[in-house]
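Trainee: Please model the complete structure; the sequences and the hints are all you need to start from.
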Amino acid sequence: DQQVKQNSPSLSVQEGRISILNCDYTNSMFDYFLWYKKYPAEGPTFLISISSIKDKNEDGRFTVFLNKSAKHLSLHIVPSQPGDSAVYFCAGAYKLSFGAGTTVTVRA
Amino acid sequence: DAGVIQSPRHEVTEMGQEVTLRCKPISGHDYLFWYRQTMMRGLELLIYFNNNVPIDDSGMPEDRFSAKMPNASFSTLKIQPSEPRDSAVYFCASSLSYRDEQFFGPGTRLTVL
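Line by line, the protein sequences give chains A and B.
The numbering used here applies: residue 1 is where the first sequence begins, and numbers increase by one.
The numbering used here applies: residue 109 is where the second sequence begins, and numbers increase by one.
Don't read these hints as lab results, they were simulated from the structure.
Hints should not be assumed to be uniformly reliable.
Okay, derived cross-link-like pairs now, BS3-like style, lysine-lysine, Cα gap no bigger than 30 angstroms in a straight line [unchecked claim]:
{"no.": "1", "chain 1": "B", "residue 1": "Lys132", "chain 2": "A", "residue 2": "Lys56"}
{"no.": "2", "chain 1": "B", "residue 1": "Lys132", "chain 2": "A", "residue 2": "Lys95"}
{"no.": "3", "chain 1": "B", "residue 1": "Lys176", "chain 2": "B", "residue 2": "Lys132"}
{"no.": "4", "chain 1": "A", "residue 1": "Lys56", "chain 2": "A", "residue 2": "Lys95"}
{"no.": "5", "chain 1": "A", "residue 1": "Lys56", "chain 2": "A", "residue 2": "Lys68"}
{"no.": "6", "chain 1": "A", "residue 1": "Lys68", "chain 2": "A", "residue 2": "Lys54"}
{"no.": "7", "chain 1": "A", "residue 1": "Lys95", "chain 2": "B", "residue 2": "Lys186"}
{"no.": "8", "chain 1": "B", "residue 1": "Lys176", "chain 2": "B", "residue 2": "Lys186"}
{"no.": "9", "chain 1": "A", "residue 1": "Lys56", "chain 2": "A", "residue 2": "Lys71"}
{"no.": "10", "chain 1": "A", "residue 1": "Lys68", "chain 2": "A", "residue 2": "Lys95"}
{"no.": "11", "chain 1": "B", "residue 1": "Lys186", "chain 2": "A", "residue 2": "Lys5"}
{"no.": "12", "chain 1": "A", "residue 1": "Lys5", "chain 2": "A", "residue 2": "Lys54"}
Mentor: What follows is the structure, encoded as structure tokens:
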């Protein structure tokens, strides 16, 4: 059973606009969430994380929002750049569980 | 540090053959993780080690899969016998602690014919 779900397999956005990636989870034991970014033929790389005691964490162009009551988190990328085109995975930590990923394409 | 090293990068084998994937974690990292990536299921955690000891192998799909970590700088994931449905990209990752960011290797693309 997938405890972390990314229901949008792909997202296309114009350069300079906002990218919003969504992630839902079912396990209320998760106390830490992470986002990873993956380019083709490479391993995932860590992007940003958030503890369950927070509802927002920001790092440059990347902001993660957590809504515990809805068991939902989102990643905002503002502004989107062509180099952001990649697959993004969200993960919940307690027992590590990754979503299936969302492929982001940023159009010039 | 060179990062997490995996070998081979690509492996093509025939059904029934034994496959061994190798991983060298980042020096000083106490945790090592093995993942499998498929189109259908995304990234699945297979097993992880803490200080060379397997902690959770509940993600290992079948008894055909086994993993070892004989020392802090080396781990193997073995599939015996391999089947076509094992075809996937296998990643190894290491981290300082369970909740710290994980550093992934480049992956091994396995194709079982």
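Trainee: Would you mind marking each hint as holding or not holding in the structure?
Mentor: Now for the hints, and whether the structure bears them out:
no., hint, in the structure
1, B:Lys132 x A:Lys56, "violated, 35 angstroms"
2, B:Lys132 x A:Lys95, "holds, 23 angstroms"
3, B:Lys176 x B:Lys132, "holds, 12 angstroms"
4, A:Lys56 x A:Lys95, "holds, 22 angstroms"
5, A:Lys56 x A:Lys68, "holds, 11 angstroms"
6, A:Lys68 x A:Lys54, "holds, 9 angstroms"
7, A:Lys95 x B:Lys186, "holds, 23 angstroms"
8, B:Lys176 x B:Lys186, "holds, 8 angstroms"
9, A:Lys56 x A:Lys71, "holds, 14 angstroms"
10, A:Lys68 x A:Lys95, "holds, 17 angstroms"
11, B:Lys186 x A:Lys5, "holds, 29 angstroms"
12, A:Lys5 x A:Lys54, "holds, 20 angstroms"
This entry does not satisfy hint 1, going by the numbered hints stated previously; all others are met.
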